[in-house]
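Chains as they are written, first to last, in the numbering used here: chain A, 29 to 347; chain B, 20 to 504; chain C, 448 to 543.
For the record, the hints were derived by calculation from the structure and aren't laboratory data.
It cannot be assumed that every hint is accurate.
Reference listing, derived: stretches of chain A covered by chain B, where coverage requires no fewer than 3 residues with Cβ under 8 Å from a Cβ of chain B [said to hold, decoys possible]:
id, stretch
1, 154-165
2, 168-180
3, 278-286
4, 289-297
Some, not all, of what chain A presents toward chain C, calculated at C-beta under 10 Å [said to hold, decoys possible]:
id, residue
5, Leu58
6, Asp83
7, Leu207
The following label-pair restraints were derived from C-beta to C-beta distances [to be verified]:
id, chain 1, residue 1, chain 2, residue 2, range
8, A, Leu101, B, His70, 51 to 61 Å
9, C, Arg538, A, Gly161, 49 to 59 Å
10, A, Leu127, B, Trp427, 33 to 43 Å
11, B, Arg306, A, Leu122, 54 to 64 Å
All C-beta atoms in this analysis are idealised placements derived from N, C-alpha and C, irrespective of residue type, glycine included.
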Amino acid sequence: MNALLWTLLDLLLAAMLLGLGWAAVATRDLKRGVALFIAFGLLLALAWARLRAPDLALAEAAIGAGLAGALLLAALRDEPRHEKLAAAHSRAGLWTLNLLSVLLAVVVAWALLCALEMGEGLRLAGAVTDHIGQSGVSNPVTAVLLNFRAYDTLLELAVILSAVLGVLALGPARRGYGLPGPVLGGLIRWLVPLLIVTAGYLLWVGAHAPGGAFQAGATLAAAAVLLRLGGVDRAGLPAAAVSRWLLAAGLLVFLGVGLSLAGLGYGFLQYPAGLAGGLILVIESAATLSIAVALALAYVGGWSRSGSTQPDSTQGGSH
Amino acid sequence: MNNLLIWPVALPLIGSLLALVWPRRADWAGIGASVAALAVAGLVAADVMRHDSLELAIGGWTPGLGIALRADGLSAALLLMSSLVALATAIYATNYFTDAHKRADFWPLWLLLITALHALLLSGDLFNIYVTLELLGLAAVALAALGRTRAALQAAVRYLTVGLLGSLAFLTGVGLVYAAYGTLDMSTLAGQVRAEPAAWVALALMTSGLLIKSALFPMHFWLPSAHANAPAPVSAALSALVVKAAFYLVLRLWLDVFDVALGPAAAGMLGVLGAFAVIWGSWKAFRAERLKLLAAYSTVAQIGYLFVFLPVLLASAPGAARDLVFGALVLFALTHGFAKSAFFLGAGVVLQRAGHDRIAELGGTARALPVTTFGLALAGIALIGLPPSGTFLAKWQLMASAIEVGQWLWIPVIAAGSLLAGAYVFRVLGHAFGPGEGVGPALAWARQELPALLLAVVATAVLGLGAVHVWSFVVPGLAIGGIQP
Amino acid sequence: MLPAEIIFGLTGVGLFTLGLRATLLHGSLLARILAINVCGAGVFLMFVSIAYQGAAAMPVPDPVPHALVLTGIVVAVSATALALALGRRLRESADE
Chain A
29 MNALLWTLLD LLLAAMLLGL GWAAVATRDL KRGVALFIAF GLLLALAWAR LRAPDLALAE
89 AAIGAGLAGA LLLAALRDEP RHEKLAAAHS RAGLWTLNLL SVLLAVVVAW ALLCALEMGE
149 GLRLAGAVTD HIGQSGVSNP VTAVLLNFRA YDTLLELAVI LSAVLGVLAL GPARRGYGLP
209 GPVLGGLIRW LVPLLIVTAG YLLWVGAHAP GGAFQAGATL AAAAVLLRLG GVDRAGLPAA
269 AVSRWLLAAG LLVFLGVGLS LAGLGYGFLQ YPAGLAGGLI LVIESAATLS IAVALALAYV
329 GGWSRSGSTQ PDSTQGGSH
Chain B
20 MNNLLIWPVA LPLIGSLLAL VWPRRADWAG IGASVAALAV AGLVAADVMR HDSLELAIGG
80 WTPGLGIALR ADGLSAALLL MSSLVALATA IYATNYFTDA HKRADFWPLW LLLITALHAL
140 LLSGDLFNIY VTLELLGLAA VALAALGRTR AALQAAVRYL TVGLLGSLAF LTGVGLVYAA
200 YGTLDMSTLA GQVRAEPAAW VALALMTSGL LIKSALFPMH FWLPSAHANA PAPVSAALSA
260 LVVKAAFYLV LRLWLDVFDV ALGPAAAGML GVLGAFAVIW GSWKAFRAER LKLLAAYSTV
320 AQIGYLFVFL PVLLASAPGA ARDLVFGALV LFALTHGFAK SAFFLGAGVV LQRAGHDRIA
380 ELGGTARALP VTTFGLALAG IALIGLPPSG TFLAKWQLMA SAIEVGQWLW IPVIAAGSLL
440 AGAYVFRVLG HAFGPGEGVG PALAWARQEL PALLLAVVAT AVLGLGAVHV WSFVVPGLAI
500 GGIQP
Chain C
448 MLPAEIIFGL TGVGLFTLGL RATLLHGSLL ARILAINVCG AGVFLMFVSI AYQGAAAMPV
508 PDPVPHALVL TGIVVAVSAT ALALALGRRL RESADE
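For reference, chain A alone in the conformation it holds in the complex (with noise of 0.2 Å):
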């Protein structure tokens, strides 16, 4: 009986993610677009929640649907309401794009079917559970992530890195909004303490429980989307030359734990033992901090206007 209650849920919560998913890319009202996109988000996060995997719901909640919400909520204020389909769309041709997308969903459906009755269920789970123990952190997602593949993790500091430059590189910021009412000025001067100390419990327990740096360095970025919110322009961030240095610092630690750890003739970020958990906590602090630097630097869209551009000037005057 809780079995079939179980997979009743199951359906239901299904059933709306492909309606809501369904919903948010049909739509032509890109401003529904958005707001069920962002629905979609905090969904899907129960969905993790449901499938077992709280450290993706909270980076869900926070990033997924938090900051990339933000983003697009911003982005929307540049683009006209409705949007056109583009123009080549035949009777004929939607069909057979509809075809197409049908095939293509029962192929990858009876693949993954096929997959899934193959694997048997274990797969890494074993060694991860085996390992752990010398990892440094008992939380297994943070020990795939911060010590057994490490190196991923290094490379997506860099892939965040490179698309904030990208978005650097492409001018100065969009400008700021207007000084808020007292209400939301009120809430955001109680809300970002919270963001900040959240942020930093975050970071703490990711050790061992879920949490770690993205999604602390995502909490921060978000009391910089509140601060820009709330009038300051700059979003709390420091001058740009600061600015630089927080953007460089997770890679540079990442990077230096582990070419030093090579120097002393370990292996690249292989981690002495006893001291992994310590090494893991300083990456995973100056990650934090460049990750919030670049998140936020990428909802402000630029260097911001008000000071100088000049790569290697200190800035003027805050807000």
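Take the given structure of chain A and dock chains B and C to it, following the hints.
Quick look at chains B and C alone, frame taken from chain A:
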């Protein structure tokens, strides 16, 4: 523990970070990191020659649980080519960007691009390859948009969306692989893959993603505008290196990992698309009105040749016959890398000096820019496939092997493509040597003209005359005497 | 009963294809970005479903796909930021 393999990735990344925090010293960070990366690429190549293949299990974890970096003849040859082209292009770039802001924007992104390329070439893990593909894609898009012209921005937007779809298709394939075989490590996987639905669909998804990224006909539509509207050093890297990285992955997947899951029909299909690309790309290059657009369409054609190699390669008997084709394929890829980067850099010099790159108005260029024109001519020889370029030997071997395995179909394609290439190269040279005002005073721009010329010389002379060494480097056991068919 | 990994795995496939279809169909950049993100969410859902297989018998589901998806989410938001900035600049260049 030998950590050599991390350095080709770490050095450009360090350079990128230094260029980011010291924008005024960015030139030095760029050149320094490029020289250092070339040096370690040389060390990797030397080690590969001694040991055939190298592996670094990062973090000391068994590959599977952890990620392994690997190098063999193929990856080391491409690594060496990529770091050489990157260094020459970096030297060129020091004189290209006059605006201090552009320069400060260019270097960190450029070095991230090189980081991504090297990481991709050395990676032995499927998901890690996805991350390198995304890094490569985002850095490439950001660089392609640097000019900030409307055309460049439009091209960059399309480049980005198409690239993201390609990455997602690849990632879906990776998911299926993990579900079916429980590992992401490519050499572990090679022993487990069988001819079964999960493997077929996974390979099809990953390959489609890579075909989009390598711009194989008819998925080439995004390439010409993106490559033609980027700043010259960026165009050079996009056309010579980035597209080839995706092809390299196709090669890895088809030859090393999924070879048992493949029938001959699959490779034949890619070959046919490649043949269309050769004809269509060469034709569009011949019809192009601008020098950079010509170069971009020529890339579409040259990528086509690489895919024409595949069916011949897979039909050749394993052993000496297949090694010969494989060596020719690598030689072709290397030669095109050098020739196309040389061509784009030369086109950039012309564009900057004349203020335009309309082919019909190039008259007098030969007199005003003799070094650049000579470089363009040399690069053109390699693009056509005339002796003594590496392409000549590679095409010769391809035709000989095609006859040997009974795939006559490719011969007229290669011949027609080469004729068209001859037509488009000589059209450019005809105008350049024609009468005209020229493109301004004959001032020596050594830092821009020489890198282009050197790259062209490598493509035409060094790789052609030293082809035997390429063969023996890429396929270690090959008897050298067998190169001439 | 239908196992959760099958239900959500197939949902992932559905989202992947409907996102892909919408990306090819839409003309405006913002709509395409939404579609690509939905497409990506579908792929992530496939990964997490794979991780969930057999989770009933284990203390935790397979953490490796979870880590991969976390990486994927961050990559997706980075790409979204770059795409939106390109779109904004493109609009400005049209206005100039």
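Hint-by-hint comparison with the structure:
no.: 1; hint: 154-165; in the structure: holds (count 3)
no.: 2; hint: 168-180; in the structure: holds (count 6)
no.: 3; hint: 278-286; in the structure: holds (count 4)
no.: 4; hint: 289-297; in the structure: holds (count 6)
no.: 5; hint: Leu58; in the structure: holds (5 Å)
no.: 6; hint: Asp83; in the structure: holds (6 Å)
no.: 7; hint: Leu207; in the structure: violated (23 Å)
no.: 8; hint: Leu101/A <-> His70/B: 51 to 61 Å; in the structure: holds (55 Å)
no.: 9; hint: Arg538/C <-> Gly161/A: 49 to 59 Å; in the structure: holds (54 Å)
no.: 10; hint: Leu127/A <-> Trp427/B: 33 to 43 Å; in the structure: holds (36 Å)
no.: 11; hint: Arg306/B <-> Leu122/A: 54 to 64 Å; in the structure: violated (32 Å)
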